[in-house]
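Novice: Each chain, letter by letter, is given below.
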Amino acid sequence: MFLKNAWYGAGWSDDLGPGQMKQHFIIGQPVVLARLADGTLVALEDRCAHRAAALSYGQIEGDSLRCMYHGVRFDARTGVGLEVPGQARPSDGMRVRTYPVHVRQGWIFVWMGNPAKADLVLVPPVAGPHNREWALCHGEMDYDANYVLINDNLCDLSHLSFVHVESFGLGDASRLSAWAAERPDVTVLDRGIHVQRWVEGAPVPPFIAEKVSSGRIDRLAVYDYLAPGVFLMFAEIYPEGTCRATGGQRPTDIEPLYADFASQTVVPMTDRSTRYYFTWGARTRDTKPGMPERMRAMTIAAFKEDKRMVEMQQRIHDATPDLVFQPTVHDRGANQMRLVMKRLMEAEQAA
Amino acid sequence: MFLKNAWYGAGWSDDLGPGQMKQHFIIGQPVVLARLADGTLVALEDRCAHRAAALSYGQIEGDSLRCMYHGVRFDARTGVGLEVPGQARPSDGMRVRTYPVHVRQGWIFVWMGNPAKADLVLVPPVAGPHNREWALCHGEMDYDANYVLINDNLCDLSHLSFVHVESFGLGDASRLSAWAAERPDVTVLDRGIHVQRWVEGAPVPPFIAEKVSSGRIDRLAVYDYLAPGVFLMFAEIYPEGTCRATGGQRPTDIEPLYADFASQTVVPMTDRSTRYYFTWGARTRDTKPGMPERMRAMTIAAFKEDKRMVEMQQRIHDATPDLVFQPTVHDRGANQMRLVMKRLMEAEQAA
Amino acid sequence: MFLKNAWYGAGWSDDLGPGQMKQHFIIGQPVVLARLADGTLVALEDRCAHRAAALSYGQIEGDSLRCMYHGVRFDARTGVGLEVPGQARPSDGMRVRTYPVHVRQGWIFVWMGNPAKADLVLVPPVAGPHNREWALCHGEMDYDANYVLINDNLCDLSHLSFVHVESFGLGDASRLSAWAAERPDVTVLDRGIHVQRWVEGAPVPPFIAEKVSSGRIDRLAVYDYLAPGVFLMFAEIYPEGTCRATGGQRPTDIEPLYADFASQTVVPMTDRSTRYYFTWGARTRDTKPGMPERMRAMTIAAFKEDKRMVEMQQRIHDATPDLVFQPTVHDRGANQMRLVMKRLMEAEQAA
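Chains as they are written, first to last, in the numbering used here: chain E, 712 to 1062; chain S, 712 to 1062; chain L, 712 to 1062.
Hints are supplied without guarantee of correctness; some may be wrong.
Said to hold, decoys possible - Pairs of lysine-lysine, PhoX-like flavour, derived with a Cα cap of 25 Å:
id	chain 1	residue 1	chain 2	residue 2
1	S	K733	L	K733
2	L	K999	L	K828
3	E	K1015	E	K715
4	L	K999	L	K1018
5	E	K1018	L	K828
6	E	K828	E	K1053
7	S	K828	S	K1053
8	L	K715	L	K828
9	S	K1015	S	K715
10	E	K999	E	K828
11	L	K1018	E	K1015
12	S	K1015	S	K922
13	L	K922	L	K999
14	L	K715	L	K1053
15	L	K1015	S	K733
16	S	K1018	E	K733
17	E	K999	E	K922
18	S	K1015	E	K733
Derived by calculation from the structure, the hints in this document are not laboratory data.
Only a predicted model underlies this, so the values are computations on that prediction, with no experimental measurement involved.
Same shape as in the complex, but just chain E:
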């Protein structure tokens, strides 16, 4: 089951030049994204109303898409059938669904539900490849797993201490690090959760040694996880004592010594396959030569660790579907996020 009334990631705007189309499967539905000659991006049902051929195998003609099976042509902006070769005019039913589409920071988002409910306020506040404030790498990865298992993964970062020992180089000592040893603050939002975690008096990492006079720093990790699967995390470093000084609030008037920002979206393709898009990087001003490349390599390595773990988890779920989860203190984020999704889907069904 999927949430329909939501913005789903659908690739990178840069990858789709004028006259180009790309097929996506999103929450089980075939969707074609097309860039018209004037640069307009449209998203339509990738299923010709005539006999269900893929419009993405067709071609863009001005402001219309022609199915190259039997030549039916649709208005690219409205989905209305414009031409059936050999026929005076198309039947009224000859139309395909259009989806609201929005580009933010080079990310393409498609609204899969009722277009009347498409709300730009809900477009995830991601940062994209051309952001000036952040020097971001970007990429994507496909999982052979249901998206809920990936949501679970991202809503409980205690897994960092275990899954990513190698990629993040946390070492054995990390087990008792704050990620796993202490609970973050989890706040439930209308459409997600908010997670915050301070590590006070941590050692100074080499890459900011020059900025720090005392021998210790405070670290803050803060993220929103938004329905249906959007992860937006700031990792920040502050002078020692900042946490105490703000009473645990995220500082509003203190500049972090260092900050990076990750945007990630989890997009169900089918019930058992999911596409994952991400950007990640440090503030531009904190970025040194080679840093984005190293960050990208580390990110990909880390995501492969997640993918391996989660795909086997899926396989075990499938082999033993009667399983029961045993709770831990770290489940709160993942469980609350499941409840948020349940609430949203039930409301959507009821409407």
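Based on these hints, arrange chains S and L on the given structure of chain E.
Specialist: Showing chains S and L alone in chain E's frame:
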């Protein structure tokens, strides 16, 4: 659901030498074709009556087939069990089904239904590799799609103007060509449809320029599509004015300036896989050196275009099984053919 | 459906060094085998009680296994949860199932049912890679088939005369050899069948020509096939007349001139995939240089012949699930074994 009482294509006679066997799956059933030493071709259930091993993994011994799992031997012509090693004689039930088999023009056909109803009149009037009148290329291709989608494809040739722009080199102008712009005459037959289409006053194609004095010609395409999936098409070129002179009838006393003939059969292997056999070529007298090779390359290129389109269509059908087709004027052939198949299958079920 | 109360093969003890783990799927269940630092071998449910991640992707820490998803740690011997990072102590339900495990002769066996019923008497009396009496090759092979078809294969060795003509080099004459022409003695056991077959006055095989004065020998093949899929076969050669002298009993006081011994276990992974482990070889005293290597090559060749036949048999079963087997005189072993399995599974269900 499949039609059983029908002749299904099962490969090329030349490919099966004496002592050779080949396994086919036809309408979901395993079938072994075997060429006996005297040249007789037989078709049997490829499923040993003992424990369902493949007879096609066995060997031909004289007029019998021996299953090489436990050695049970069957009469290759009747399917009756002849020998069970170590047993005085086989039980009465030890027999496999035989299928009527017929070779026409080098095509092998197998009757998958009630043998008593196997009617040679129904063997498709294909032309084969050794035909003297036609210089034919031949080949085969497998689709990951249900056969009905391929029948649909072949019963509505308006797709030529779109799917095959590249392979047939029709160019953009072709969109308004007769294939897509005008409806052919479709006549419903007892076991199929008959489709005919004239294009009057067409430009003279280069390869017959020498035969044509005036600057224009009339083109005729005429084909039968017969249950369960047999396409037999003549494409002919006549002097300009022929269509008018015959009142649109296919000429009986005027030789075409040029003619080619395509025989194609669509053979369901399973519900989601289909094998496709074809021959195609011009009249031998119209054939110049290199022409069959070029025709074969073009044919294969065109069929790959169909395959790509139809396989994605199948995938979209599977993802969104609740789809509804919107009709066009060109659907008549495909729809009538679906009705013919429905009628035949219902009659078969009722009998 | 699978028998649970049984020892199932799970690889070779030598392949699992201290600190190593290996994942198996046995009768559909994920199982992790782990070798602790002190050499103890343990088998546990390969499914973390927390969120069903694979413990086999984790690591061994002393006498415990840590899931490397969120760090939950289990006692490797009892399955009891020992640690949940960040939590005072694990919940009572935080435990994974343990499976009794036993190593015999280098073979690992896991008891998949009620641990209280795990009976060492039922550990298959296999011979393993380091056996001194037998010079054994060993290996494994995966089948895309249900295990019952493999049990059937091994319970009716009349197939040797047909499936293995090439690998065993029996030649055409073998068809009327004892394997297929005569029935073995089949005795039903509590948990399997016992099969015995004499061939009297057979020609002397070259490799024991030096030991035999007369021109003929008696051959004995005797095997147990035990639930759920254990094949233990002795092939022995005796002086001519031995069978007559013992009244067909296996000699207790006559040394065979030659003997080899095969141990094989059939382990269902899923309903449609099965792992097969084997050792095979002659008595060490009968073994000449190069013999084990030749025997291994022949064994693998023969098992590939079985695999090809059985996998196609599975495919035919799946295509035509309504099939009915026609009996032969050689079915007794396979049928009795199916009945033994049915009886054992019904008793298990009833308990």
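Novice: If a hint holds in the structure, say so; if it doesn't, say that too.
Specialist: Structure-based check of each hint:
1. For the suggested pair K733 (chain S) and K733 (chain L), the alpha carbons sit about 42 Å apart, so the restraint of at most 25 Å is broken.
2. For the given pair, K999 (chain L) sits about 43 Å from K828 (chain L) by alpha-carbon distance, which is inconsistent with the 25 Å threshold.
3. Proposed proximity of K1015 (chain E) and K715 (chain E) is contradicted: the alpha carbons are some 28 Å apart, above 25 Å.
4. Under the criterion of a C-alpha separation no larger than 25 Å, the hint pairing K999 (chain L) with K1018 (chain L) is inconsistent with the structure, at around 29 Å.
5. With a C-alpha separation of about 39 Å, the suggested pair K1018 (chain E) and K828 (chain L) falls outside the 25 Å cut-off, and the hint is violated.
6. Taking the CA atoms of K828 (chain E) and K1053 (chain E), the gap is about 19 Å. The hint holds against a cut of 25 Å.
7. For a cut-off of 25 Å, the pair hint linking K828 (chain S) to K1053 (chain S) stands: about 19 Å separates their Cα positions.
8. With a CA separation close to 10 Å, the supplied pair K715 (chain L) and K828 (chain L) stays within the 25 Å bound.
9. For the hint linking K1015 (chain S) to K715 (chain S), the alpha-carbon distance of about 28 Å lies beyond 25 Å, and the restraint is violated.
10. Between K999 (chain E) and K828 (chain E), the direct Cα distance comes to roughly 43 Å. Violation of the 25 Å bound is thereby established for this hinted pair.
11. Restraint check: the Cα-Cα separation between K1018 (chain L) and K1015 (chain E) comes to about 35 Å, which exceeds 25 Å; the hinted pair is violated.
12. Pair hint K1015 (chain S) plus K922 (chain S) does not hold up; C-alpha atoms about 33 Å apart against a cutoff of 25 Å.
13. A threshold of 25 Å between alpha carbons decides the hint, and for K922 (chain L) with K999 (chain L) the separation of about 14 Å falls inside it, so the pair holds.
14. With a C-alpha separation of about 12 Å, the suggested pair K715 (chain L) and K1053 (chain L) falls inside the 25 Å cut-off, and the hint holds.
15. For the suggested pair K1015 (chain L) and K733 (chain S), the alpha carbons sit about 20 Å apart, so the restraint of at most 25 Å is met.
16. For a cut-off of 25 Å, the pair hint linking K1018 (chain S) to K733 (chain E) stands: about 19 Å separates their Cα positions.
17. Pair hint K999 (chain E) plus K922 (chain E) holds up; C-alpha atoms about 14 Å apart against a cutoff of 25 Å.
18. Taking the CA atoms of K1015 (chain S) and K733 (chain E), the gap is near 20 Å; set against the 25 Å cutoff, the hint holds.
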